[in-house]
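**Student:** Protein chains in written order, with this note's numbering: chain A, 1 to 302; chain B, 1 to 649.
Among these hints, one or two may not hold up.
Unchecked claim - Under 8 Å between C-beta atoms, here's a sample of chain A residues computed to sit facing chain B:
id	residue
1	V32
2	R36
3	L66
4	A70
5	A113
6	G120
7	G125
8	T160
9	V188
10	P189
11	L215
As the list claims (entries may be wrong) - Per the computed footprint, the stretches of chain A lying under chain B, defined by three or more beta-carbons under 8 Å from a beta-carbon of chain B, are:
id	region
12	105-111
13	149-157
Said to hold, decoys possible - Here are some chain B residues the structure puts well away from chain A; computed CB gaps all over 10 Å:
id	residue
14	L258
15	L385
16	I420
17	T540
18	R593
19	R618
20	I642
Don't read these hints as lab results, they were simulated from the structure. Quick reminder that beta carbons are idealized off the backbone N, C-alpha and C, glycines included.
The chain contents come next:
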Amino acid sequence: MMPLVESLLRLLVWLLLAPLLPGLINQVKAWVAGRRGPPALQLYYDLARLWRKGVVLSHLASPGFLAGPAVGWVAITGAALLLPLGPGGGGVSFRGDVLLFVYLLAVARFCTAWAALETGSAFEGMGAAREVSFAVLAEVALITAILTLSVQSGSVTLATMLAPAAGAGAVLLAAGLFAVLLAENCRVPFDDPNTHLELTMIHEVMVLDHSGPPLAVVLHGAAMKLMIFAVLLVQAVLPIGTLSPVVAAGWLAGGVLGVTLGVGLVESLLARFAFRRVPLLLTTAFLLCLFALLLAWKGGGA
Amino acid sequence: MTPALPLGVAAATLVVSMMLGLRWSRGWLALVVAGALATAVAAVLVLAGAGEWEWRSTFAVGGERLHLRLDALSAMFLLLVGVVGAAGAVYAREYWSDERYPRSAGRGRCWWSALFVSQAAVLLASNGLHFLLAWELFAVCGYFLIVLESRRRDVRAAGWLYLAASHAGTLGLFAFFSALAAQTGSWELGPMREQAALAPLFWLALFGFAVKAGVFPLHIWLPSAHASAPSHVSAVLSGVALKMGVYGLVRFSGWLPLPGAAGWVVISLGAAGALLGIAFALAQNDLKRLLAYSSVENIGVIMIGLGAALLGAARGETSWGRLALAGALLHVWNHGLFKSLLFFGAGSVLHATGTREISRLGGLWRAMPWTAGLFALGAMAVAALPPLNGFVSEWLVYLGLFDGAMGRGAAAWATMPAAIVLAMTGALALATFVKASALVFLGAPRTRAATRAHESGRWMRAPMAGLAAACVALGLAPGLIWPVLARATGVWHPAWGTAEAPGPFGTLGTVHLVLAILMVAAAVGLGRRVHPRGLRRAPTWDCGFAAPSARMQYTSGSFGGVATPWFALVLRPARIQRRPRGYFPADTLHLQRVPETVLEHVIEPVGRAILRGASLARRLQHGRLQFYIAYVGVGLVALGAIAWWGDVR
Chain A
1 MMPLVESLLR LLVWLLLAPL LPGLINQVKA WVAGRRGPPA LQLYYDLARL
51 WRKGVVLSHL ASPGFLAGPA VGWVAITGAA LLLPLGPGGG GVSFRGDVLL
101 FVYLLAVARF CTAWAALETG SAFEGMGAAR EVSFAVLAEV ALITAILTLS
151 VQSGSVTLAT MLAPAAGAGA VLLAAGLFAV LLAENCRVPF DDPNTHLELT
201 MIHEVMVLDH SGPPLAVVLH GAAMKLMIFA VLLVQAVLPI GTLSPVVAAG
251 WLAGGVLGVT LGVGLVESLL ARFAFRRVPL LLTTAFLLCL FALLLAWKGG
301 GA
Chain B
1 MTPALPLGVA AATLVVSMML GLRWSRGWLA LVVAGALATA VAAVLVLAGA
51 GEWEWRSTFA VGGERLHLRL DALSAMFLLL VGVVGAAGAV YAREYWSDER
101 YPRSAGRGRC WWSALFVSQA AVLLASNGLH FLLAWELFAV CGYFLIVLES
151 RRRDVRAAGW LYLAASHAGT LGLFAFFSAL AAQTGSWELG PMREQAALAP
201 LFWLALFGFA VKAGVFPLHI WLPSAHASAP SHVSAVLSGV ALKMGVYGLV
251 RFSGWLPLPG AAGWVVISLG AAGALLGIAF ALAQNDLKRL LAYSSVENIG
301 VIMIGLGAAL LGAARGETSW GRLALAGALL HVWNHGLFKS LLFFGAGSVL
351 HATGTREISR LGGLWRAMPW TAGLFALGAM AVAALPPLNG FVSEWLVYLG
401 LFDGAMGRGA AAWATMPAAI VLAMTGALAL ATFVKASALV FLGAPRTRAA
451 TRAHESGRWM RAPMAGLAAA CVALGLAPGL IWPVLARATG VWHPAWGTAE
501 APGPFGTLGT VHLVLAILMV AAAVGLGRRV HPRGLRRAPT WDCGFAAPSA
551 RMQYTSGSFG GVATPWFALV LRPARIQRRP RGYFPADTLH LQRVPETVLE
601 HVIEPVGRAI LRGASLARRL QHGRLQFYIA YVGVGLVALG AIAWWGDVR
């Protein structure tokens, strides 16, 4: 009985806390700009409202247009449950779960891109093409970061990989993973989540034709993905697993909050990059992770 | 029961079907399916643990006694031959029917049976001479199947290229088997790991089998042959025939002593092939060519696994070596299944619209929902997405590579880069197959041909559904096939077979099953949530643009246009552009094409140089007698000089 309750609790934490992060980012941005900004809970209101709304579908859309967001959301939730929550532990933990984690995020990407292309819109084609292409570099950086953690800890299980600190390359790894977080969640400087009507968008432009409950599912999934990356980054860098449960929970919550603030600050202080510079930035992220890998390699032997 | 009985039945039915196929289509189909079933029974018997089966004849063929052997390794490949052979035969009944192709349908049936038999013979032969005979027969059958539609020029060219490349590879194998026979004193094949002098022969085998498997720089014949052949033939070429090359590599790397560099070379070839293969695939506009290049990528993934296994074996690393090998072997099955499915899907599209160009298709899901759904499933499987089968094998390969990296030995310098390349390959494969499936089946039809598409009939849908079911089953229940993989790895390396299943293999299956159920439930749930509220249909919003047209959609070139330039150094895309000029531009032009780079920029220049050299040498042959006498005189003087100086010294 207890494991079931624990899993449910873990699921609730993910589902209920995730929409808070975009709200916090907006608060930070408003604070830096000296505005009042939308309430921190705005995304919750939006989700509740969208869930009750009707749907307008494109004439061209197949049933896959509705299945895409649903399957993608399940994949993201699955990835979230694989990720240990500090002292709370992970839902399922087995050797090699980290690869399933990476590929579940890929499933979500496939589904989003698929649903975007359902409508035959040029804008959405553009977004989908960029999403899947830039993800190539982001995924390489992510796998390199994971390889670093595995070499460091001698394990391919998320729970044991993430428990100790990242060691010598912690700063490099943190910088690399933070860049991946920004790219995968379509934040500035890779993308601008505020505008819709430009040729320069990646993620937002893929969901232009979604409305009602499917849009709610997409937005909630995106919020969870942001939280997943924040939790991954914090646990990869800080020795969460070696602390006592209460302290660890505090550090984890503080860390996620810190990452969120960081995203908000980056978004306030930096302009979006030109598209031709996005691959360069992602390659830099990959190189940072690669150097972290080399440091882990050298350091572990000593 | 020994496998002898089903194998005998299979041989008999298939040979009869070969003879009757020309006229009698229904009977042929029944015979081939029966033969495939018997083949599969034989393979399953061995895989289920009946042990190795051997048979020697009392009579001789070509001066050598027949020696057949079926062990778990060859049985894995034999099962694939049976499954795809039967599926393709059923598919061809409608796709390459007597009504549509009265001239070539009968021939196609005969060669299909012959290909089936010769592939099985390659897998069973345990005598170098007979192996070569079966190999040659198999290559020739492939040629005749590719050129079934020999009226078309591109088909003839593709067939010719296939035949030339195939024979270049066979030449390597001739050298390999005859050197092997000369050094061991017998044509008999079998484990000979202790004869260290044989190690250099591995390079000959690597060349010969790599040409057939389409390993990267030797893949030149593959794209055009797979694209131009009839789709059921493409399916069997890509799903099974390439695997014969893999079989040769796996078989002989297990039997022969290996040079120290073998693992390094194989894993490097695999990594290069995986990455560049998928980069080429992303750049293609021809649906079947895209699938063909994706085969180059998947063969690369298999080679990465095999290379890691070779490295592990050389260092006595059982734990990760066998994971990598099991991943490679499982990927052989998986790729055989989903690539055949995808080629069948591409064939249905071609059948319905008459074009393979992705930029001329679009919106086909409405007319052909079955094909669309099954193709999408195949696309998800080939992009290695959980919970389908492609992920299971790549997961095993990844685990092998990660464990190799964590071992911190010298091998980690190969496995770490390979893991990173595999990640990049996976993400590119996802981009490629989003493009291949979504641009073909979703959106608005881009041409009239796409508007008038129609669903293919039962005979074409059934094999696709069967293969898709197999992909799902292998994804959801990987734990069931671990014993098979363990037996096959045990044949390859005797010390590796007894090892326990890696614990998480079963857990992964359970997680996959739960995920699959939840995904279906979520999709159905969201659909039900949306429907009662009344679905309103409207034109695509597209930021409020009022008159969207099908021509505004993203095309295959524009979709691949973000990532393709990253590989321009290797891909060398050619572009012809005429920009709009003046205030009222009349015409503009933009053509972009990715050439067969290795063929056009490497092989052809070399070929031209050889021809030029030959034509220079031909000037010496002009038919004028006095010059020939002069040549003889010069030759005699030269010989005399050599003799004179040699004598003096």
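**Student:** Indicate, hint by hint, whether the structure satisfies it.
**Tutor:** Quick rundown of the hints versus the structure:
1. V32: With Cβ-Cβ at 29 Å, over 8 Å, it is violated.
2. R36: For A/R36, the interface hint is violated, since the closest Cβ of chain B sits about 29 Å away, which is over 8 Å.
3. L66: holds (5 Å)
4. A70: Holds, because the Cβ-Cβ distance from A/A70 to chain B comes to roughly 4 Å (cut-off 8 Å).
5. A113: Hint on A/A113: holds, closest Cβ of chain B at ~5 Å, below 8 Å.
6. G120: Status holds, d = 3 Å.
7. G125: Holds. Min distance 3 Å.
8. T160: violated (12 Å)
9. V188: With a minimum Cβ separation of about 19 Å from chain B (threshold 8 Å), the hint on A/V188 is violated.
10. P189: A/P189 check fails; min Cβ-Cβ to chain B is 17 Å, beyond 8 Å.
11. L215: violated (11 Å)
12. 105-111: Per the Cβ count (4), the hint holds.
13. 149-157: holds (count 5)
14. L258: About 27 Å separates B/L258 from the closest Cβ of chain A, which puts it past 10 Å; holds.
15. L385: Given a closest Cβ separation of 5 Å, the condition is violated.
16. I420: violated (6 Å)
17. T540: Not fine: 4 Å to the nearest Cβ puts B/T540 too close to chain A.
18. R593: B/R593 clear of chain A: closest Cβ-Cβ about 19 Å, beyond 10 Å.
19. R618: Non-interface label on B/R618 holds, nearest chain A Cβ at 51 Å vs cutoff 10 Å.
20. I642: The assertion about B/I642 holds, with a minimum of 60 Å to chain A.
Consistency note: the structure conflicts with the earlier hints numbered 1, 2, 8, 9, 10, 11, 15, 16 and 17.
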